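Residue strings, one per chain:
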Amino acid sequence: MVALIRPTDWNWLLFGHLVAAFALVAGVIVVCLTSLAATRPGRPELATLLRSIGFRANLIVVIPAFIAIHILGGILADREFPGDSNEPGWLGTSFAITTVVTLVAVALAFFQYWTLRRARAGSLGGWPGQVAASVPLLVLASLVAVIVLMAGKPS
Amino acid sequence: MARGDVHASDCRPVPRLSFPAVSKYDWLLVLHLLAAFCFLSGSVVAGILHWLAMRRDRPSEIALLLGLVRPMVAVIGIGSIAALGFGIWLTQDSPDGVGLGDGWVIAAIVLWFVAGALGGPAGKQLRHARELAERRAADGDRPSETLHDAVADRRALVLNYASFAALVAILVLMVFKPGAG
Numbered sequence: 087m088v089a090l091i092r093p094t095d096w097n098w099l100l101f102g103h104l105v106a107a108f109a110l111v112a113g114v115i116v117v118c119l120t121s122l123a124a125t126r127p128g129r130p131e132l133a134t135l136l137r138s139i140g141f142r143a144n145l146i147v148v149i150p151a152f153i154a155i156h157i158l159g160g161i162l163a164d165r166e167f168p169g170d171s172n173e174p175g176w177l178g179t180s181f182a183i184t185t186v187v188t189l190v191a192v193a194l195a196f197f198q199y200w201t202l203r204r205a206r207a208g209s210l211g212g213w214p215g216q217v218a219a220s221v222p223l224l225v226l227a228s229l230v231a232v233i234v235l236m237a238g239k240p241s
Numbered sequence: 147m148a149r150g151d152v153h154a155s156d157c158r159p160v161p162r163l164s165f166p167a168v169s170k171y172d173w174l175l176v177l178h179l180l181a182a183f184c185f186l187s188g189s190v191v192a193g194i195l196h197w198l199a200m201r202r203d204r205p206s207e208i209a210l211l212l213g214l215v216r217p218m219v220a221v222i223g224i225g226s227i228a229a230l231g232f233g234i235w236l237t238q239d240s241p242d243g244v245g246l247g248d249g250w251v252i253a254a255i256v257l258w259f260v261a262g263a264l265g266g267p268a269g270k271q272l273r274h275a276r277e278l279a280e281r282r283a284a285d286g287d288r289p290s291e292t293l294h295d296a297v298a299d300r301r302a303l304v305l306n307y308a309s310f311a312a313l314v315a316i317l318v319l320m321v322f323k324p325g326a327g
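Each protein sequence line maps, in turn, to chains A and B.
Numbered per the working numbering, the first sequence spans residues 87 to 241.
Numbered per the working numbering, the second sequence spans residues 147 to 327.
Just chain B, with the same shape it has in the complex (with noise of 0.2 angstroms):
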C-alpha cells in the first residue's frame, strides 16, 4: 500500500505546510532523509578518501586527501543529529502508529549513539595523521613510515569498519522494521 492510500484511509486531517500537495509528515520525512544522506553518504566519502590516502606515500598527497574530510565532518555531524532529531519528531507524527517506544526505534537510536561513540574517537586518529602528513608534507615531503602507521592506524580502522557497520544495520532496521505491525 503506498503512503497516499494510507492517508486517504486516515480520518484525521493531515496537516500541511506552505507547499500544498505535501503533508508535514511528508516533510520531516524529506528532511529526516536529506539528513540520512549527508549522515551516511558523508560517511562513505570520508572512508573513500581514508582508503585513497592510506594508498598514497607522499605525505603532500596524504595530507591533501585526508585535508577533504574536513568538510564532511561537518557534514556528518549536522546529518547525523538531524536525521535523529527529524526522526524523533516523525514518530510523533506518524500516520500508521510508529511510536518512539517501538523496539526497532528504540535499536535504531542505539545503534546512533553506538556509531557516534565509535565514530568520534576514529576521527580524532585521522586528524592526528592529517596533521603529521601535513608537517611532514612541509619537511621534504618525504615518505615516513611514522606517518604511513598513523593513516592506516588499525584501531582507528576497527572502529571506523564498527561504526560503519552501526549506519548500515540502523538502514537494515529502517527499512525491514523488524516487529512493526
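Okay, chain A solo, but in the shape it has when bound (with noise of 0.2 angstroms):
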C-alpha cells in the first residue's frame, strides 16, 4: 500500500527507498538510545562505550542511509515529476527538511566524535554530551514529519 500505481521498474527504486529510510529510522533510533543513555549516572566505561556505539552507528549507519534516500529519492521524483515545475509543495519540502537533517546528522557526528573523545578522557558531563544526546531526538522527530508529508502528500 505504500506505491500506488507505478511502472514495474519503478518497484526497486522504491523498494531501495523505503529500505533505507527503514534503515536510517532504525540508525537514527539506536543513536537516540545510547546517546540518552549515556547521559544517566553510572559507571563512566559504560557510557563511553554507549557514546562509541552512538557514533559508530551514525557513521556507519545513518549518513550512509541519508545519501542512499537522496539519491534514490531523487531519481524517483524525477520520473514521477519530470521538470521542476512539476515538482508538488509536500516533495520539495520533504527534501528540503532531508538535506538539512543530513547536514546536522554530518555535524552530530564530529560532535559525538569530540564527546566521546572527551569520555575516554575522563569527562562525562557538561553540555557537549547534553548537545549529543538531544540532537538525535531531532533528527527522529525531523523524520517522523518527513514520513507525514511523503505518505500524507498534503496539496
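FYI, nobody ran anything at the bench for these hints, they're computed from the structure.
Every value quoted in this text rests on a predicted model; they were computed, and no experiment measured them.
All C-beta atoms, glycine included, are put in the ideal place defined by N, C-alpha and C.
Hints are not guaranteed to be accurate.
[As the list claims (entries may be wrong)] Some but not every residue of chain A turned toward chain B, in silico, with C-beta under 10 angstroms:
| hint | residue |
| --- | --- |
| 1 | 116 |
| 2 | 120 |
| 3 | 128 |
| 4 | 135 |
| 5 | 143 |
| 6 | 239 |
Take the two lone chains and join them into the complex the hints point to.
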C-alpha cells in the first residue's frame, strides 16, 4: 500500500528507497537510545561504550542511509514528476528537511567524536554530552515529519 | 501515475479529515506507514543491540545493551498491531480497488502472523539472557560461558532471522503487489 500504480521497474527504486528509510530510522533510534542512556549517572566505562556505539551507528548507518535516500528519492522524483515545475510542495519540503537533517547528522558525528574523546579522557558531563543526546531526538522528529509529508502528500 | 491523479480521476467524493489537504485514505496511509516504521525499524534496532551484546564479554555491558532492547519491545508490539489494523482499514477505503481478498494482501497478513510467532519465543530467550546478565553483573561482573551461550543462543538467532525475513517479505509484497491489477 506504500506505492499505488507505478511501472514495475520503478518498484526496485522504491524498494531501495524504503529499505534505506527503514535503516535510517533504525540507526537514528540506536543513536537516540545510546546517547540518552549515556547521560544517565552510572559507571563511566559503560557511558563510553554507549557513546562509541552512538557515534558508530551515526557514521556507519545513519549518514550512508541519508545519502542513499537522497539518491534514490531524487531518481524516483525525477521519474514521477519530470521537470521542476511539476514538483509538488510536499516533495520539495521533504527534500529540504532531509537535506538540512543530513547536514545536522554530519555535524552530530563531529560532536559525537568530540564527546567520545572527552569521555575516554574521563570527562563525562557538560554541555557537549547534552547536545549529543538531544540532537538525535530532533533528527528523529524531523524524520517523522518527512514520513508524514511523503505518505500524506498534502496538496 | 501519482496518487493525486488517481484521486482526480475518481468520481467518488474523497472523505477528508481536519487537515483539508489530506484525504482520509492518506491519513490512514500515514498511520500505517508510521506503524510499519515502528515495527520494522524497531526490529532492526533490537537486532543491532542483540548483535552488539553478543560481541561483549562483561555481564554489565551485555545487561546494558539488552536493557536498551526493552523499550523497543513495546514499540515493536504497538507498531505491529497498528500496521496490521491500519493496513486492513486501508483495504476498506482503497481508491484503486485493493481488497482484503487480494492474494498479496492475504500473503502479507499470513507473514505478519509468522513474524510474530517466530519473534515471540526469540524475545523470551533474550529476556532470559538479560536477566542472567543482570544477576552476573551484580555478582562480580565476571565473563561467563553460560551467559555467552544464553546471549548467542542458536535457536533464538534462527528464529530472529526467520522473523526478520518474514518482515522483509511483507515489505516486498507491499511494494511489488504481485498479482495486483
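Determine which of the earlier numbered hints do not hold for this structure and return their numbers in increasing order. Those not satisfied: there are none.
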